[in-house]
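Chains as they are written, first to last, in the working numbering: chain A, 198 to 529; chain B, 198 to 529; chain C, 198 to 529.
There's no promise every hint is true.
For chains that are exact copies, the list does not tell them apart, and a pair is met inside one copy or across any two.
[Stated by the list, open to error] SDA-like cross-link-like pairs, simulated, lysine to any residue; straight-line CA separation at most 25 Å:
| id | residue 1 | residue 2 |
| --- | --- | --- |
| 1 | LYS311 | SER285 |
| 2 | LYS466 | TRP272 |
| 3 | LYS466 | ALA287 |
| 4 | LYS466 | VAL280 |
| 5 | LYS232 | GLY259 |
| 6 | LYS200 | GLY332 |
| 7 | LYS524 | PHE225 |
| 8 | LYS291 | ASN492 |
| 9 | LYS269 | PHE309 |
| 10 | LYS221 | LYS234 |
| 11 | LYS221 | LYS291 |
| 12 | LYS234 | GLU216 |
| 13 | LYS228 | ARG212 |
| 14 | LYS277 | GLU317 |
| 15 | LYS460 | SER285 |
| 16 | LYS381 | GLY284 |
| 17 | LYS466 | ASP278 |
| 18 | LYS269 | PRO243 |
| 19 | LYS362 | ILE508 |
| 20 | LYS215 | ASN233 |
Source of the hints: derived by calculation from the structure; they are not laboratory data.
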Amino acid sequence: MKKFTSVRDVENINRLVKEALIEKQFPFANKELGKNKTLGLIFLNPSLRTRLSTQRAAQNLGMDVIVMNLDKEGWSIETKDGVVMDGSAAEHIKEAAAVIGQYCEIIGVRSFPKLLNRDEDYSNEVLNKFIQYAGVPVVSLESATLHPFQSLADLITITEIWNSKPKTVNSKPKVVLTWAPHPKILPQSVPNSFAEWMVRADVDLVITHPQGYELDTRFTSLPPTGGEGRGGVAKIMYNQDEAFKGADFIYAKNWSSYKEYGKILSQDKNWMITNKKMALTNNAKFMHCLPVRRNMIVADEVLDSPASGVIRQAGNRIWSAQIILKKILEQL
Amino acid sequence: MKKFTSVRDVENINRLVKEALIEKQFPFANKELGKNKTLGLIFLNPSLRTRLSTQRAAQNLGMDVIVMNLDKEGWSIETKDGVVMDGSAAEHIKEAAAVIGQYCEIIGVRSFPKLLNRDEDYSNEVLNKFIQYAGVPVVSLESATLHPFQSLADLITITEIWNSKPKTVNSKPKVVLTWAPHPKILPQSVPNSFAEWMVRADVDLVITHPQGYELDTRFTSLPPTGGEGRGGVAKIMYNQDEAFKGADFIYAKNWSSYKEYGKILSQDKNWMITNKKMALTNNAKFMHCLPVRRNMIVADEVLDSPASGVIRQAGNRIWSAQIILKKILEQL
Amino acid sequence: MKKFTSVRDVENINRLVKEALIEKQFPFANKELGKNKTLGLIFLNPSLRTRLSTQRAAQNLGMDVIVMNLDKEGWSIETKDGVVMDGSAAEHIKEAAAVIGQYCEIIGVRSFPKLLNRDEDYSNEVLNKFIQYAGVPVVSLESATLHPFQSLADLITITEIWNSKPKTVNSKPKVVLTWAPHPKILPQSVPNSFAEWMVRADVDLVITHPQGYELDTRFTSLPPTGGEGRGGVAKIMYNQDEAFKGADFIYAKNWSSYKEYGKILSQDKNWMITNKKMALTNNAKFMHCLPVRRNMIVADEVLDSPASGVIRQAGNRIWSAQIILKKILEQL
Chain A
198 MKKFTSVRDV
208 ENINRLVKEA
218 LIEKQFPFAN
228 KELGKNKTLG
238 LIFLNPSLRT
248 RLSTQRAAQN
258 LGMDVIVMNL
268 DKEGWSIETK
278 DGVVMDGSAA
288 EHIKEAAAVI
298 GQYCEIIGVR
308 SFPKLLNRDE
318 DYSNEVLNKF
328 IQYAGVPVVS
338 LESATLHPFQ
348 SLADLITITE
358 IWNSKPKTVN
368 SKPKVVLTWA
378 PHPKILPQSV
388 PNSFAEWMVR
398 ADVDLVITHP
408 QGYELDTRFT
418 SLPPTGGEGR
428 GGVAKIMYNQ
438 DEAFKGADFI
448 YAKNWSSYKE
458 YGKILSQDKN
468 WMITNKKMAL
478 TNNAKFMHCL
488 PVRRNMIVAD
498 EVLDSPASGV
508 IRQAGNRIWS
518 AQIILKKILE
528 QL
Chain B
198 MKKFTSVRDV
208 ENINRLVKEA
218 LIEKQFPFAN
228 KELGKNKTLG
238 LIFLNPSLRT
248 RLSTQRAAQN
258 LGMDVIVMNL
268 DKEGWSIETK
278 DGVVMDGSAA
288 EHIKEAAAVI
298 GQYCEIIGVR
308 SFPKLLNRDE
318 DYSNEVLNKF
328 IQYAGVPVVS
338 LESATLHPFQ
348 SLADLITITE
358 IWNSKPKTVN
368 SKPKVVLTWA
378 PHPKILPQSV
388 PNSFAEWMVR
398 ADVDLVITHP
408 QGYELDTRFT
418 SLPPTGGEGR
428 GGVAKIMYNQ
438 DEAFKGADFI
448 YAKNWSSYKE
458 YGKILSQDKN
468 WMITNKKMAL
478 TNNAKFMHCL
488 PVRRNMIVAD
498 EVLDSPASGV
508 IRQAGNRIWS
518 AQIILKKILE
528 QL
Chain C
198 MKKFTSVRDV
208 ENINRLVKEA
218 LIEKQFPFAN
228 KELGKNKTLG
238 LIFLNPSLRT
248 RLSTQRAAQN
258 LGMDVIVMNL
268 DKEGWSIETK
278 DGVVMDGSAA
288 EHIKEAAAVI
298 GQYCEIIGVR
308 SFPKLLNRDE
318 DYSNEVLNKF
328 IQYAGVPVVS
338 LESATLHPFQ
348 SLADLITITE
358 IWNSKPKTVN
368 SKPKVVLTWA
378 PHPKILPQSV
388 PNSFAEWMVR
398 ADVDLVITHP
408 QGYELDTRFT
418 SLPPTGGEGR
428 GGVAKIMYNQ
438 DEAFKGADFI
448 YAKNWSSYKE
458 YGKILSQDKN
468 WMITNKKMAL
478 TNNAKFMHCL
488 PVRRNMIVAD
498 EVLDSPASGV
508 IRQAGNRIWS
518 AQIILKKILE
528 QL
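Kindly generate the complete structure, drawing on both the sequences and the hints.
Structure, rendered in structure tokens:
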């Protein structure tokens, strides 16, 4: 593996999950693999889970880790080509990426969208220029459009929980990705990413949200000539209660509109996840990538109940990062 | 040991000091103990000594360390229960603590008081919720009311210096904790903590300050049914010169009023520690937890003289942290 | 070696470069040397290359590294003696340096000039007080007047490139340090430092800049009684085109005036390095310490051409730091 920015960088997601669960069982089995190797984690936006879990994963593999909050500890970076740099940006991303690539064997980059211009955000300029200029493997710590470490941890969690349940042979879990209200304008990266992993996984994916919150269909369906042999197209439903019926997993998340780009079209509190909503499901586990706003996205009663899987899900971020770093280290 | 937030978490402070001095003599003797273990240091307030000394102590024990300035590198944390999180806080402490506990074997937390509401500050909400939700041992890197790593380093320093002096059999040092002036409103955590350690130590403790600066008596005296077999009650004196007479250690510190909570009642420069004041003592060592404001708390002439023990005291922060981390690691 | 703040701390720069190139060839050969040793990197100003390369160098040598952005993670530091500290500074540099020296075997310090008062800046107060009070070896991560890790990396790069070229026996490269325009007021530390290394190296040094940008001659010439047996005096030329003729290395950098201290005297775009300018040289390599403002200091066409050596130069920062840390570790 030479980069990790999307499910499209993964050959076989089921095998990947199995391998991640082996890392979880034997966290220090590959401690020699990362010896004398440095992971550089470059943050252009804040992070808690991603930083700590990736740092821990790298340390489990014997790597050294350098964390750099580039925006706060360094300076502003220019990303456009051909610009006369007479403004606030002190360094061009061409140099920044190439230089960091001199000091680190692998680079992780977090760069959020500005949510002002859809084409600009969806071009993923920062991440792609890092890949282009770093000269070493780059992993996404959440880009403008996707959050693959999160989605892999989500799939690990779903797999763990589903496998521990008694069930009919060959049955698949029903996974519902549901929009929920939030006071601020948020990216589509987590739902985009979750969707593109789930349409490739052995699950039935339903996405429910108010009208106008449709995600980019490039992420919610496999291309017709996909050929992965499974998955398919997410079912979109505008009625949350209907969507929840028979669900095995409720994955809640807020996002702003993709169509009316970066707009908040609804703050309808009826979309908040409550015990009453969870009662519609098949005893579903509640999932969220965190951080989560209590009593906006989800009621305390759900988060504080045994139905919540969010802490386990966050814990699995380690194994998501560790299996990817392992695969990259093996091919250095 | 499962947590370290106060002297009350320690079974025998004299034995603890002895064990800390063994760490000082053999800093790397337990380097295997922390292997594959991560210490997470979570700061909600600035730190120099505490961060560096705890990081060093953990590294001496072979641990990996992750430092997170949660307020600056992450986001604002909600601590109240049942709140509708539609404001600035992006994550609840319940999730933050539990998630960090997924990535670290031990967590250290620094959280200062706001000095607006005494009951709120003295409930130590941030620290206590970390203990409640982290699922792993938590150590205080200074809470709203106490600073136990500092106090243990103080006792180590006093013990070292006292033991190196020729003295009468069974004599005890006279230790004076003295208030001193400062331009800003400061917490009571260092003096509270120093007092609760000293009333349990083999010393005679005098506390001197202007009227109105009395500390919470829960910290300045042992409970009647204490049963520790030593220590007792601090003697309070409003006359600094009288208090200094015959002192072996002068421990200076500013704090704001506990009674008129968070107020500055005096900025009287006569309380500054000078050579003239030190001349009243029994050739006492000058101590301060640092950072110290020169020529406010203490005159240059004292800090720059051989009477100052502040750098040695700061150096002992390593062994204070190291013995506690060692004890926790041993019981993981 | 007990400190590294200038070329004057180096006994033999040619031997040092050779030893640095051995580190580059065998990066992990001395991994036992730094075991149980901690490097503290203290930043009072932002950093990318210096932080990452020094951190990497220390890790290659087996050291633990603690990074502290003192201004952002700690508090404001007082540097003047005898002050009544009733303002914003919470700690005096005397204590800060001595305390950090308790926790680290080696300290690196970055402190930029304020560019308001020449005498004050050129006294290098922060760095010198760290040296005075830390009690352990101190290395400069760029001071108010010099940037020795950069200059050593520059000399390593020039040596590598020059040695790989076919050439006449005993010939020396012509190295041109050229001023270039920039929108902000910048220190003289990089050009000062480059000059003081080059006048001691086996090169012919030309410095070209608009009138008024003359550097302090203490850095651009060897003292008459130098005795190093080589080098000499930089040739100053006000005509950039003339200076470039026959050059083997073009080292571009902006700086503000030393004479009219901290002033911008020119923003003349004709001084920007372009392909046309490079065509005047002897197929020279383009060098810059980075970060560099594209199309201000240098045109894209040069930076994106094979003539640019800036990434290699940045990569060599590791070996510059590593050989110095190694020499200090060997004498601890």
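Comparing the hints with the structure gives:
1. LYS311 / SER285: For LYS311 and SER285, both the intra-copy (17 Å) and inter-copy (19 Å) Cα distances are at most 25 Å.
2. LYS466 / TRP272: For LYS466 and TRP272, the Cα distance is within 25 Å only across copies (24 Å; inside one copy 40 Å).
3. LYS466 / ALA287: between (44 Å within a copy, 18 Å between copies)
4. LYS466 / VAL280: Result: close only across copies, 15 Å inter versus 45 Å intra.
5. LYS232 / GLY259: For LYS232 and GLY259, the Cα distance is within 25 Å both inside one copy (5 Å) and across copies (11 Å).
6. LYS200 / GLY332: Cα proximity of LYS200 and GLY332: one copy only (11 Å, versus 34 Å across).
7. LYS524 / PHE225: both (15 Å within a copy, 23 Å between copies)
8. LYS291 / ASN492: Close across copies (14 Å), not inside one copy (43 Å); limit 25 Å.
9. LYS269 / PHE309: Both. Shortest intra-copy (15 Å) and inter-copy (17 Å) distances satisfy the 25 Å Cα cut-off.
10. LYS221 / LYS234: both (21 Å within a copy, 15 Å between copies)
11. LYS221 / LYS291: Classified as between; 24 Å across copies, 37 Å inside a copy.
12. LYS234 / GLU216: both (22 Å within a copy, 22 Å between copies)
13. LYS228 / ARG212: Result: close within a single copy only, 22 Å intra versus 37 Å inter.
14. LYS277 / GLU317: So LYS277 and GLU317 pass the 25 Å test inside one copy only (11 Å; across, 39 Å).
15. LYS460 / SER285: between (28 Å within a copy, 19 Å between copies)
16. LYS381 / GLY284: between (29 Å within a copy, 9 Å between copies)
17. LYS466 / ASP278: between (44 Å within a copy, 19 Å between copies)
18. LYS269 / PRO243: both (10 Å within a copy, 8 Å between copies)
19. LYS362 / ILE508: within (19 Å within a copy, 54 Å between copies)
20. LYS215 / ASN233: Between copies, since 23 Å is at most 25 Å while 27 Å is not.
Of the numbered hints stated above, none is contradicted by the structure.
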